[in-house]
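Number of protein chains: 2
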Amino acid sequence: MLNVNLINKELKQVNNLIKKDIIKERTVSKLYKYIFRSSGKQLRAKLSLISSSSDKKIRLRRYKLAAVIELLHTATLVHDDVVDESEIRRGTKSVNNIWSNAHGVLIGDYIYSKAFMLMVELGNPKILDELSKATNDISKGELIQLDAIKNTKITLEKLEDISYFKTGRLFEASAKCGAILARSSNSYQRNITNCSKNLGVAFQIKDDLLDYSSDEAIIGKPILQDIREGKVTYPFYFAYKKASLEEKKYLESKLGDKKQNNKKIIELITNLGGIKETENLAIKYFMKSKQAASKIENKNIREEMLNLLNVSIHRKK
Amino acid sequence: MLNVNLINKELKQVNNLIKKDIIKERTVSKLYKYIFRSSGKQLRAKLSLISSSSDKKIRLRRYKLAAVIELLHTATLVHDDVVDESEIRRGTKSVNNIWSNAHGVLIGDYIYSKAFMLMVELGNPKILDELSKATNDISKGELIQLDAIKNTKITLEKLEDISYFKTGRLFEASAKCGAILARSSNSYQRNITNCSKNLGVAFQIKDDLLDYSSDEAIIGKPILQDIREGKVTYPFYFAYKKASLEEKKYLESKLGDKKQNNKKIIELITNLGGIKETENLAIKYFMKSKQAASKIENKNIREEMLNLLNVSIHRKK
Numbered sequence: 001m002l003n004v005n006l007i008n009k010e011l012k013q014v015n016n017l018i019k020k021d022i023i024k025e026r027t028v029s030k031l032y033k034y035i036f037r038s039s040g041k042q043l044r045a046k047l048s049l050i051s052s053s054s055d056k057k058i059r060l061r062r063y064k065l066a067a068v069i070e071l072l073h074t075a076t077l078v079h080d081d082v083v084d085e086s087e088i089r090r091g092t093k094s095v096n097n098i099w100s101n102a103h104g105v106l107i108g109d110y111i112y113s114k115a116f117m118l119m120v121e122l123g124n125p126k127i128l129d130e131l132s133k134a135t136n137d138i139s140k141g142e143l144i145q146l147d148a149i150k151n152t153k154i155t156l157e158k159l160e161d162i163s164y165f166k167t168g169r170l171f172e173a174s175a176k177c178g179a180i181l182a183r184s185s186n187s188y189q190r191n192i193t194n195c196s197k198n199l200g201v202a203f204q205i206k207d208d209l210l211d212y213s214s215d216e217a218i219i220g221k222p223i224l225q226d227i228r229e230g231k232v233t234y235p236f237y238f239a240y241k242k243a244s245l246e247e248k249k250y251l252e253s254k255l256g257d258k259k260q261n262n263k264k265i266i267e268l269i270t271n272l273g274g275i276k277e278t279e280n281l282a283i284k285y286f287m288k289s290k291q292a293a294s295k296i297e298n299k300n301i302r303e304e305m306l307n308l309l310n311v312s313i314h315r316k317k
Numbered sequence: 001m002l003n004v005n006l007i008n009k010e011l012k013q014v015n016n017l018i019k020k021d022i023i024k025e026r027t028v029s030k031l032y033k034y035i036f037r038s039s040g041k042q043l044r045a046k047l048s049l050i051s052s053s054s055d056k057k058i059r060l061r062r063y064k065l066a067a068v069i070e071l072l073h074t075a076t077l078v079h080d081d082v083v084d085e086s087e088i089r090r091g092t093k094s095v096n097n098i099w100s101n102a103h104g105v106l107i108g109d110y111i112y113s114k115a116f117m118l119m120v121e122l123g124n125p126k127i128l129d130e131l132s133k134a135t136n137d138i139s140k141g142e143l144i145q146l147d148a149i150k151n152t153k154i155t156l157e158k159l160e161d162i163s164y165f166k167t168g169r170l171f172e173a174s175a176k177c178g179a180i181l182a183r184s185s186n187s188y189q190r191n192i193t194n195c196s197k198n199l200g201v202a203f204q205i206k207d208d209l210l211d212y213s214s215d216e217a218i219i220g221k222p223i224l225q226d227i228r229e230g231k232v233t234y235p236f237y238f239a240y241k242k243a244s245l246e247e248k249k250y251l252e253s254k255l256g257d258k259k260q261n262n263k264k265i266i267e268l269i270t271n272l273g274g275i276k277e278t279e280n281l282a283i284k285y286f287m288k289s290k291q292a293a294s295k296i297e298n299k300n301i302r303e304e305m306l307n308l309l310n311v312s313i314h315r316k317k
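Top line first, the protein sequences correspond to chains A and B.
In terms of our numbering, the first sequence opens at residue 1 and continues consecutively.
In terms of our numbering, the second sequence opens at residue 1 and continues consecutively.
The shape of chain A in the complex, shown without the other chains (with noise of 0.2 Å):
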């Protein structure tokens, strides 16, 4: 039966496969260890793993896609904190900050290009159309990120297309790709698919609203990063659109200011329905992603999204 601990148990071999990865070069497996000695929540991984459980035969190519999938979601993040110049990676030091930005840059391509060596090895052309694009999206979403940059005039709909293109492509391909590999049938493909993207966008929309949470501690890391970085996000963007023209000087002002006072901010933003408007639409898409789930016909996979989705809209982190 498919439930938490033998997807678990599942990932443990998509990592052993990563890690596998055995390289002579020292500065390549050394930086290759560091980015790879923990995991985060391997959502994207977990996607494709459960996608594509109903065929018990192809073990060993589901763990293969899991793996790429995780590499491309991972040569995406240490990319990432080049561009956001971030010092933090889950809990420790980036790759940046503790070496440098050519470190950076190189072994996020290096993993890239080890990500689709992995998905040649996989041979199947739906596949590879599908994470080509993906990784072309994504890219796509990133660099329309940077126009948010200190940009009030953003549109919601821009918004939405930054969350779609940076993570709930990934979603996305991850289940299309475990669907495509169990060879499943066209509405089981597409429910999950859809299921899948919908969850990848409500998690963006989520992830956006813990930086602008209260509690520090308990998210585990600093909050205000996008404000700080000027990056206009949901809450930013729904307060902005109520606020007085004193307001929205204030909050202008505060875009890119690394020196936050967070309670006021986080207040004034609270107080102009900021935060309660990005619930709304986090719950918007978490509700047209249940309503995906709930149409997948087996019923272990079903609920297994379907609590994918609770810990997801429950996250405190």
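The hints are simulated quantities; they were obtained by calculation from the structure and are not laboratory data.
A portion of the hints provided could be inaccurate.
With a Cα cut of at most 30 Å, we get these calculated DSS-like pairs of lysine-lysine [to be verified]:
no. : chain 1 : residue 1 : chain 2 : residue 2
1   : B       : Lys-133   : A       : Lys-126
2   : A       : Lys-316   : A       : Lys-242
3   : B       : Lys-30    : A       : Lys-254
4   : A       : Lys-57    : A       : Lys-24
5   : A       : Lys-41    : B       : Lys-30
Examples of chain B residues lying across from chain A (beta carbon under 10 Å, computed) [claimed, not checked]:
no. : residue
6   : Tyr-34
7   : His-79
8   : Glu-85
9   : Gly-104
10  : Gly-108
11  : Ser-132
12  : Thr-135
13  : Thr-270
14  : Asn-271
If you're wondering where the values come from, they're calculated on a predicted model, not measured in any experiment.
Backbone N, C-alpha and C define an ideal beta-carbon position, used for all residues, glycine too.
Since chain A is already given, all that's left is putting chain B on it; use the hints.
Frame of chain A, contents of chain B only:
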């Protein structure tokens, strides 16, 4: 008949194919157009066109392969400029210089994944295998090169590894994939691959040599960039080996020194035989390349390769 004019005509088709990428997103399209507004020597794309030229029926597929290779190469250049903090590329400002490191990293990723998308369209598993491995090797080479920074203990073998991975490898893959695409004989594939690989290494050695050229006006970019970035390349390596203790100290002090006395350092490195020894090494690889070229049975292709070799040996920039 295959000749330089024909290849240049074909390159225009390749460039059209690259530029045809229509992107609605303003930021993406602005960066993409800037990067592809002009082209470099496009040697790698040429190699793939020459290598596949025996098969007249696959014109569009040949252009697509050449476009893939040009995209892959361009992505590495854009990332290299971030890595080296270069301000100039092909005579004009680099992406990281005009926009930011963030833009350089992300548009590089965009171009990489665009290359993979086109590669998947070609639908040839052997080409996918070769190009994903080559891309991985390139990043490996760049990472090993970070070890060469301010490292006077680096071995000649390591320097040759770097030249192979970062330059020879894509030359090799370009020719090999061209041969695969044209379904050429094994012996042809071996010869043209071997020829191109050694040409690539020779090309890189020549590049390192040109950085120590005494005439900045001719090569059209600032010289001594490598030593300014602290990179130990061949001329420095050979000179250092022959240097007295005092000269060694002087040479060490110049690694990473942004304000070089060009004349003095070039004089010392020349006097210690650094230039001569590097020239000899370049000739060694050119000869290896020529030997492999001479084994190519197809007269047109053989002559085209020998021509390319000659141009590369005698290039002044």
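Hints, one by one, checked against the model:
Between Lys-133/B and Lys-126/A the CA atoms are separated by roughly 20 Å; this keeps the pair inside 30 Å, and the hint holds. Taking the CA atoms of Lys-316/A and Lys-242/A, the gap is near 27 Å; set against the 30 Å cutoff, the hint holds. A hinted pair counts as satisfied when its Cα atoms are at most 30 Å apart, and Lys-30/B with Lys-254/A qualifies at roughly 28 Å. Taken as a hint, the Lys-57/A and Lys-24/A pair is broken in the structure, with Cα atoms around 33 Å apart against an allowance of 30 Å.
With a C-alpha separation of about 35 Å, the suggested pair Lys-41/A and Lys-30/B falls outside the 30 Å cut-off, and the hint is violated. At its closest, the beta carbon of Tyr-34/B sits 13 Å from a beta carbon of chain A; the interface hint therefore is violated under the 10 Å criterion. Satisfaction of the interface hint for His-79/B is found here, the shortest Cβ-Cβ separation to chain A being roughly 5 Å, below the 10 Å cut-off. Below 10 Å, beta-carbon pairs count as interface contacts, and Glu-85/B has one with chain A at about 8 Å; its hint therefore holds.
Because the closest C-beta pair between Gly-104/B and chain A is about 8 Å apart, less than 10 Å, the hint holds. A hinted interface residue such as Gly-108/B counts as satisfied when its beta carbon comes closer than 10 Å to some beta carbon of chain A; here the least separation is about 8 Å, so the hint holds. Contact between Ser-132/B and chain A, as hinted, is supported at the beta carbon level, the nearest pair being about 4 Å apart and thus within 10 Å. Below 10 Å, beta-carbon pairs count as interface contacts, and Thr-135/B has one with chain A at about 4 Å; its hint therefore holds.
Using the Cβ-Cβ criterion of 10 Å, the hint placing Thr-270/B at the interface with chain A is not satisfied: the shortest such distance is roughly 30 Å. Look at Asn-271/B: its Cβ only gets to about 32 Å from chain A, farther than 10 Å, so that hint breaks.
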